[in-house]
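Starting from the structure of chain A, add chain B where the hints point.
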Amino acid sequence: MLKSFYEQMKKLSEEEFQRRPRGWLMFGAQLASIMLEAFEEDAKVVWTTYYTFPMELLAAFDVAPFDFEVACNLPPGLDPKGCADIMAEAEARGYSVDLCSFHRLALGCYFLGYLPKADLLLTTSHFCDGKTKTNQILAQYYGKEAIMLDVPNEFSKESVAYVSGQLQTIAHKLEEVSGHRLDLDRLGECIRASNRARAAYARLAEMGKAKPFPWDGFRLCLLSIVGNTFSGTPFQEQLYRKIIDECQQRMAEGKVAPEEFRVLWLAWVPAQPTNINEILRTNKVSIVMAELARIYWDEIDEKHPFEGMALRCLKNPYVGSVEQRLTGVLQLAEEYAIDGVVHFSSTACRHANASFRIIEDALAKRNVPFLVLEGDMSDMRRYSAERTRSFLETFTEVMAARK
Amino acid sequence: MKNAKPKIGWLCAFAPEEIAMAAGLLPMRLSGGGESTAVADAYIYSNLCPYVKSILALGLNGKAKHLDGIVFVRSCDGMRRLCDVWRSYIGTRFVYMLEVPKNRDEAAVEYFASQLRKFARALGQEFGKEITLESLNQAIKITDQVRRQMQRIYHIQCNLPLPLSGSEVFQLGLEGMHTEKKSFAAKLKRYYSDNKSSVKPHGKEGKVRVLVSGNVVDRSDLFNIIEAAGADVAAADLCTALRYFERTVDEDSDDPYLALARRYLGKRRCARMTGLNERLAEVKELVKTYAVDGVVYTSVKFCDQHLADAPYFVEKLKDEGVAVLFLENDYTWADRGQLRTRVEAFVEILGNRRR
Numbered sequence: 006m007l008k009s010f011y012e013q014m015k016k017l018s019e020e021e022f023q024r025r026p027r028g029w030l031m032f033g034a035q036l037a038s039i040m041l042e043a044f045e046e047d048a049k050v051v052w053t054t055y056y057t058f059p060m061e062l063l064a065a066f067d068v069a070p071f072d073f074e075v076a077c078n079l080p081p082g083l084d085p086k087g088c089a090d091i092m093a094e095a096e097a098r099g100y101s102v103d104l105c106s107f108h109r110l111a112l113g114c115y116f117l118g119y120l121p122k123a124d125l126l127l128t129t130s131h132f133c134d135g136k137t138k139t140n141q142i143l144a145q146y147y148g149k150e151a152i153m154l155d156v157p158n159e160f161s162k163e164s165v166a167y168v169s170g171q172l173q174t175i176a177h178k179l180e181e182v183s184g185h186r187l188d189l190d191r192l193g194e195c196i197r198a199s200n201r202a203r204a205a206y207a208r209l210a211e212m213g214k215a216k217p218f219p220w221d222g223f224r225l226c227l228l229s230i231v232g233n234t235f236s237g238t239p240f241q242e243q244l245y246r247k248i249i250d251e252c253q254q255r256m257a258e259g260k261v262a263p264e265e266f267r268v269l270w271l272a273w274v275p276a277q278p279t280n281i282n283e284i285l286r287t288n289k290v291s292i293v294m295a296e297l298a299r300i301y302w303d304e305i306d307e308k309h310p311f312e313g314m315a316l317r318c319l320k321n322p323y324v325g326s327v328e329q330r331l332t333g334v335l336q337l338a339e340e341y342a343i344d345g346v347v348h349f350s351s352t353a354c355r356h357a358n359a360s361f362r363i364i365e366d367a368l369a370k371r372n373v374p375f376l377v378l379e380g381d382m383s384d385m386r387r388y389s390a391e392r393t394r395s396f397l398e399t400f401t402e403v404m405a406a407r408k
Numbered sequence: 526m527k528n529a530k531p532k533i534g535w536l537c538a539f540a541p542e543e544i545a546m547a548a549g550l551l552p553m554r555l556s557g558g559g560e561s562t563a564v565a566d567a568y569i570y571s572n573l574c575p576y577v578k579s580i581l582a583l584g585l586n587g588k589a590k591h592l593d594g595i596v597f598v599r600s601c602d603g604m605r606r607l608c609d610v611w612r613s614y615i616g617t618r619f620v621y622m623l624e625v626p627k628n629r630d631e632a633a634v635e636y637f638a639s640q641l642r643k644f645a646r647a648l649g650q651e652f653g654k655e656i657t658l659e660s661l662n663q664a665i666k667i668t669d670q671v672r673r674q675m676q677r678i679y680h681i682q683c684n685l686p687l688p689l690s691g692s693e694v695f696q697l698g699l700e701g702m703h704t705e706k707k708s709f710a711a712k713l714k715r716y717y718s719d720n721k722s723s724v725k726p727h728g729k730e731g732k733v734r735v736l737v738s739g740n741v742v743d744r745s746d747l748f749n750i751i752e753a754a755g756a757d758v759a760a761a762d763l764c765t766a767l768r769y770f771e772r773t774v775d776e777d778s779d780d781p782y783l784a785l786a787r788r789y790l791g792k793r794r795c796a797r798m799t800g801l802n803e804r805l806a807e808v809k810e811l812v813k814t815y816a817v818d819g820v821v822y823t824s825v826k827f828c829d830q831h832l833a834d835a836p837y838f839v840e841k842l843k844d845e846g847v848a849v850l851f852l853e854n855d856y857t858w859a860d861r862g863q864l865r866t867r868v869e870a871f872v873e874i875l876g877n878r879r880r
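From first to last, the protein sequence lines stand for chains A and B. Mind the numbering: the first sequence is residues 6 to 408 in the numbering used here, read in order. Mind the numbering: the second sequence is residues 526 to 880 in the numbering used here, read in order.
Only chain A is shown next, with the shape it has when bound in the complex (with noise of 0.2 angstroms):
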């Protein structure tokens, strides 16, 4: 089923791309593209973290890099209740539905044999406890081994070494893996690929400071997410800047959509069909920014790349205290002149959820009005159309009260 909806994807993708040669089509058959190549049968298939493990040096190697999670959870926003009952295969076999359901999604496909092969499954710490557990049960059920790049919740100079000493240890693995040493000077390239996409990527970013917004705000999003899966390799770069110019050429046509109102993305975004893209748009409001697309990380420093790549892992806003998730929430309310906050708070999500009421709070003294909006990025089981048109529009209503 995996392989077939990818199939799917990556010909669809590329024959609208023929038609309409748009950016996001390019990210969707490129994507497929790479889920594919995990189940070609001489592949040496990595298991990782798209989002959080540095990709740049899994791009250093002749591996197939594979995330589950993102592999498992696109299928939902075609088919969500098909995804609802291989989620219910995990079910059965005792995975309790207080679980994240990326992960009994993912668990629900590799009981039904959808999954690809592995040769190493990687993970990091952060963002959550789910996914590391999650990597190390399914590693179990593969007979193969599960490392986990311990992310600290602290940043000091010991930390820096402890991830950048681990990042060493995976490479020499990756070596046995991959069949090949690590060639420096490709991972030099990989880091300069990667900081001249950063570079493609702040430009992107400031798109949103236009108003209004050129672009979708729910694309930025997951391209935030998903888009770190090209880390290292040219294709990242070439990707920003084909998003940049179809936005500067949208906003020179003044084809952009009307904009009342301004709201910060926080969180995730669902995978499985949704109103709510529906709902915003018909009050005229606008994602325009989201905490998981701004650029935390600096420039990694190709002469130092460990250090550099685990550097990139311990700025990320998800790891250590919410100090360091909240700094990056205001700064952006302010930037982007925000009208709003919205908390996508899916249901399993718990390290993102629970910091809630601190945000609120901070937002509060800003007044700014903030909205926890209660769903599941996969399960549609626990989706509610209708209380997510009640809470978006009471929330339009309290965002134009203020303005």
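Simulated from the structure, these hints should not be mistaken for lab results. Source: prediction; values computed, not measured. Built from N, CA and C at the ideal position, the CB exists for glycine as well. A few of these clues could be false.
Stated by the list, open to error - Beta-carbon label-pair distances, calculated as ranges:
| # | chain 1 | residue 1 | chain 2 | residue 2 | range |
| --- | --- | --- | --- | --- | --- |
| 1 | A | ASP103 | B | ARG715 | 56 to 62 angstroms |
| 2 | A | MET6 | B | GLU631 | 38 to 44 angstroms |
| 3 | A | PRO278 | B | GLU730 | 56 to 62 angstroms |
| 4 | A | THR332 | B | GLU631 | 33 to 39 angstroms |
| 5 | B | GLU803 | A | ASP90 | 33 to 39 angstroms |
| 6 | A | GLU45 | B | GLN676 | 52 to 58 angstroms |
| 7 | A | PRO278 | B | ARG865 | 40 to 46 angstroms |
| 8 | B | GLU705 | A | ARG186 | 53 to 59 angstroms |
| 9 | B | GLN696 | A | LYS8 | 35 to 41 angstroms |
| 10 | B | ASP860 | A | ALA369 | 34 to 40 angstroms |
| 11 | A | THR332 | B | GLU840 | 40 to 46 angstroms |
| 12 | A | VAL102 | B | GLU873 | 24 to 30 angstroms |
| 13 | B | GLU803 | A | ARG286 | 48 to 54 angstroms |
| 14 | A | GLU19 | B | ARG867 | 20 to 26 angstroms |
Said to hold, decoys possible - Derived list of chain A stretches under chain B, where covered just means 3 residues or more per stretch with a C-beta under 8 angstroms from a C-beta of chain B:
| # | segment |
| --- | --- |
| 15 | 79 to 93 |
| 16 | 129 to 136 |
| 17 | 167 to 181 |
| 18 | 358 to 364 |
The following block gives chain B in isolation, referenced to the frame of chain A:
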């Protein structure tokens, strides 16, 4: 009380009490008890671990004012966020988040040692007492003494029939987590000498024997339910029992922080640590050592780490012929009626398997 030691609360068995003791503090494990968690829902997300919410409720209800400090550990997502909320809304003088690695290799041990030194410096600065090698070694020695004494009591529970009541031993252990180590050591000495004769040299099998395994249990409800169903709790692989008292520190080390790091990271794994199969092997070893008929695996609701492990654990233990009952609990064990029915059925199954 005049001249009473300042109190520091802790919540996870990875919190190094020795360092707090060396700084002249009285470390005490915090229990949420029966605190209603409704007040906590307004500050932290509702579907979060009920232990975390109970502790927060204590703080919000002003029941943690006796604490001069509190040390959190990066045990899990819930604890990380509890520390944030505590820092923001509860006015405890000293709030500390101790970084504990999830890996156990040498790099992790060295990193953890660096964090223990940092913790010691922070305590020394806040409470005005520099931690010396001598004071730390002294604290290590008395803590190790308590560990050895409890291990001796646990050891006699390997005998058939079970010499001491499982719930009584469990309660005794809980007491050791919030009392002064020196007086507790004296109590354990008396307890052991009063009870060592309970061991029957060639005793009969006795009642069905159960191992309780899981995360935070700090009330004896489950033990009472199991015992009322006619079984014995021979051992408890919990962070409030075996995992707290096992493994001592290398007392002769030149670097006590490194020695402490080795002890804490080297002790029996809980679900937060890497090494799922190794943890399973440790549970299997306990099954043999304590000659139990079955395992009651329990987890508080919304504990992603233990809940995720449960199906794999149950499957693998059953593959090896070990009977397992998985019980999810709400930390207060409010649903005793349902739990009792399930435990009674499980004990009956274990009894039938013996025949």
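So, going through the hints one by one against the coordinates:
no.: 1; hint: ASP103(A) / ARG715(B): 56 to 62 angstroms; result: violated (44 angstroms)
no.: 2; hint: MET6(A) / GLU631(B): 38 to 44 angstroms; result: holds (43 angstroms)
no.: 3; hint: PRO278(A) / GLU730(B): 56 to 62 angstroms; result: holds (60 angstroms)
no.: 4; hint: THR332(A) / GLU631(B): 33 to 39 angstroms; result: holds (34 angstroms)
no.: 5; hint: GLU803(B) / ASP90(A): 33 to 39 angstroms; result: holds (34 angstroms)
no.: 6; hint: GLU45(A) / GLN676(B): 52 to 58 angstroms; result: holds (53 angstroms)
no.: 7; hint: PRO278(A) / ARG865(B): 40 to 46 angstroms; result: holds (44 angstroms)
no.: 8; hint: GLU705(B) / ARG186(A): 53 to 59 angstroms; result: holds (57 angstroms)
no.: 9; hint: GLN696(B) / LYS8(A): 35 to 41 angstroms; result: violated (55 angstroms)
no.: 10; hint: ASP860(B) / ALA369(A): 34 to 40 angstroms; result: holds (37 angstroms)
no.: 11; hint: THR332(A) / GLU840(B): 40 to 46 angstroms; result: holds (44 angstroms)
no.: 12; hint: VAL102(A) / GLU873(B): 24 to 30 angstroms; result: holds (28 angstroms)
no.: 13; hint: GLU803(B) / ARG286(A): 48 to 54 angstroms; result: holds (52 angstroms)
no.: 14; hint: GLU19(A) / ARG867(B): 20 to 26 angstroms; result: violated (55 angstroms)
no.: 15; hint: 79 to 93; result: violated (count 0)
no.: 16; hint: 129 to 136; result: holds (count 4)
no.: 17; hint: 167 to 181; result: holds (count 4)
no.: 18; hint: 358 to 364; result: holds (count 6)
Hints 1, 9, 14, 15, counting from the list given before, are not met by this structure.
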